[in-house]
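J.: Those sequence lines, one after another, are chains F and P. The numbering of the first sequence is our numbering, which starts it at 975 and goes up by one. The numbering of the second sequence is our numbering, which starts it at 975 and goes up by one.
Just to be clear, a hint being listed does not mean it is correct.
Ranges of calculated distance between the beta carbons of each label pair, as one might list FRET restraints [to be verified]:
#, chain 1, residue 1, chain 2, residue 2, range
1, F, 1034, P, 1265, 26 to 32 angstroms
2, P, 1147, F, 1074, 55 to 61 angstroms
3, P, 1265, F, 1292, 50 to 56 angstroms
4, P, 999, F, 1167, 54 to 60 angstroms
5, F, 1065, P, 987, 28 to 34 angstroms
6, F, 1292, P, 1076, 43 to 49 angstroms
7, F, 1175, P, 1149, 32 to 38 angstroms
8, P, 999, F, 1076, 54 to 60 angstroms
9, F, 1243, P, 1181, 44 to 50 angstroms
10, P, 1151, F, 1144, 25 to 31 angstroms
11, P, 1180, F, 1197, 44 to 50 angstroms
12, F, 1243, P, 1142, 50 to 56 angstroms
13, P, 1269, F, 1019, 58 to 64 angstroms
Calculated directly from the structure, the hints in this document are not laboratory data. Heads up, the beta-carbon is just placed ideally off N, CA and C, and yes, glycines get one too.
Number of protein chains: 2
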Amino acid sequence: MIEAAIGIDIGGTYTKFGLVDAEGNILVESSIPTKSENGPEKYLAALADAIKSEMSKLVGDIDLKGIGIGAPNGNYYKGTIEYAPNLNWEGIVPFVDLFTEHFDLPMVLTNDANAAAIGEKVFGGAKDLEDFIVVTLGTGLGSGFVTRGKLIYGHDGLAGELGHTNVYPDGRECNCGKRGCLETYASASGIKRTVFKLLATNKVKTPLRDHTYKTLTSKMITELAIQGDPIALEAYDYTADILGLKLADAAAVTSPEAIFIFGGLAKAGDILIEATKKYFNQYLYPGFKGKIEIRLSDLMDRNAAVLGSAALVWSEIVDHDVIKVPQRLK
Amino acid sequence: MIEAAIGIDIGGTYTKFGLVDAEGNILVESSIPTKSENGPEKYLAALADAIKSEMSKLVGDIDLKGIGIGAPNGNYYKGTIEYAPNLNWEGIVPFVDLFTEHFDLPMVLTNDANAAAIGEKVFGGAKDLEDFIVVTLGTGLGSGFVTRGKLIYGHDGLAGELGHTNVYPDGRECNCGKRGCLETYASASGIKRTVFKLLATNKVKTPLRDHTYKTLTSKMITELAIQGDPIALEAYDYTADILGLKLADAAAVTSPEAIFIFGGLAKAGDILIEATKKYFNQYLYPGFKGKIEIRLSDLMDRNAAVLGSAALVWSEIVDHDVIKVPQRLK
């Protein structure tokens, strides 16, 4: 009998899922298009079918411990997905309540960056750490804060919105409705905006001038930075400066032992990490200097989204040291 | 037999102490000059004598549960005071170790703002809250963050340095060695600097022009603001703008139910609180709007420093739900 957890990561385009054992081995994994425009009920039925179909391929008995779900705007306390801008579901979707019609298992849902943080703790570089931060640099910027070995959920289950802290109050328009949020600078979309700003202010020759705003991707910027393109490198430096400053602010409040960086932009490796470290230490409260490591996530080259969601099951359901069990699990 | 805790608050000039029961009644209280220039040993002997002398005046048996100490740069895990700028002790003072030579009691030491936060939880407005922030606006800006009902101490016991988050990286010189820290704007000394900036840029008539930098106090600014002085009011508005922004950043990360404001500047009451609320909501992540209260501390008119320090004993020693007991208490 193998003990395992189902991990589900809901993205705007695809939903990835997998069956993960307690050591972080992925026994099976697959994905379905999210197609959120058809409404949550149809989507959940398709997801349940796909999971059951994949599981039927497994040989041997599986002792299923639960389902962990990472989702944009996931509310840990309520098991709901609330006003997620990337999904076409309106208002508050009682995700866990609806999904229990398909699976009679304990479920934990939280936002994707929180799931990444738990993944880092259970399967990644934070195994021995009680106080750390995980920052995911995807289309937006997500963050999960762990203190005393547990995620900070805040009073409403929605804590960890480092991406919506203020860089320039009159700055770039953000999807959240504000201006100047960190994620409008330090994210895949943010660095693209930075490149366009730099193309406007510089006259340097660069292949970046051959792209429209629509065709340019952060992946191209990363590849050009690795090749030494001056604008791409300057865009990374600008990103690292702002990210370093806001990480220094976050660290002043929570005093973590390490900050793990994850996501597409992190694929620039040292180009991002070394510059972020430099600025971070420049802006950090002197009493904390030299004590806080900034590093790439240990899960960078693995299916981190599925691992993180499955880790929720090991951390929040199986582990009996749970401090605050969501109401529905009691 | 009355159960009681000793609360000690160490300030740069005076050390206040008192005996506090579980309901927050102060049975006796007094203070001694800190005189830190004579070294920690002499100071601790004088403090122990003063406490014993005050306690001898009490009638009836006292069951002493422990000693709580709030101190600048207090390290919760180690029981040490580390490089405190306002005290003349060099390096790291093993305060708790030294003080056990005078009292054979469990002791908890943390920084003064963390003690204020625990005071708010045990005796003040946060009794029913699990997630909140306390900000103390004194000479500097201190903060204590509570999540899941427990203080965030961070990996080194020194978390909660909101005062040293960055407002303007090239801004005002801070005691910590950086520039542009929040406490150079939002504190008693910060508002004085703001007044001088406004006196330079405006030509408005105000009694504030009759003072040197040395003679002007934040108390005068507060009194003039209450009387309607335009420069004093503008200084409060400028302070509230910056404070509101950085509180919005802190709230985006920890999602508290309430933020309590405390200390000298808070005596301006609504002049500070209403303006801070306005800016806070302007800069806050929209998903959190309307959910987070900003209010004055419930301990404003009581001996909060002593109550907070004593509360540490009730919260961290007597309460058996302690998650992480300092090494020395095990």
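J.: Each hint needs a verdict: does it hold in this structure or not?
T.: Right, here's what the structure says about each hint:
1. 1034(F) <-> 1265(P): 26 to 32 angstroms: With a Cβ separation near 47 angstroms, residue 1034(F) and residue 1265(P) fall outside 26 to 32 angstroms, so the hint is violated.
2. 1147(P) <-> 1074(F): 55 to 61 angstroms: Holds: the Cβ-Cβ distance is about 58 angstroms, inside 55 to 61 angstroms.
3. 1265(P) <-> 1292(F): 50 to 56 angstroms: Given a distance of about 31 angstroms, which is not inside 50 to 56 angstroms, the answer is violated.
4. 999(P) <-> 1167(F): 54 to 60 angstroms: For residue 1167(F) against residue 999(P), whose Cβ atoms are near 58 angstroms apart, the range 54 to 60 angstroms holds.
5. 1065(F) <-> 987(P): 28 to 34 angstroms: Violated - the Cβ-Cβ distance for residue 1065(F) and residue 987(P), about 56 angstroms, lies outside 28 to 34 angstroms.
6. 1292(F) <-> 1076(P): 43 to 49 angstroms: holds (47 angstroms)
7. 1175(F) <-> 1149(P): 32 to 38 angstroms: Roughly 37 angstroms apart at Cβ, these two residues keep to the hinted range, so it holds.
8. 999(P) <-> 1076(F): 54 to 60 angstroms: holds (57 angstroms)
9. 1243(F) <-> 1181(P): 44 to 50 angstroms: violated (59 angstroms)
10. 1151(P) <-> 1144(F): 25 to 31 angstroms: Holds - the Cβ-Cβ distance for residue 1151(P) and residue 1144(F), about 29 angstroms, lies within 25 to 31 angstroms.
11. 1180(P) <-> 1197(F): 44 to 50 angstroms: Hint violated: Cβ distance 59 angstroms, outside 44 to 50 angstroms.
12. 1243(F) <-> 1142(P): 50 to 56 angstroms: violated (31 angstroms)
13. 1269(P) <-> 1019(F): 58 to 64 angstroms: violated (47 angstroms)
Comparing the model with each numbered hint stated earlier shows that hints 1, 3, 5, 9, 11, 12, 13 do not hold.
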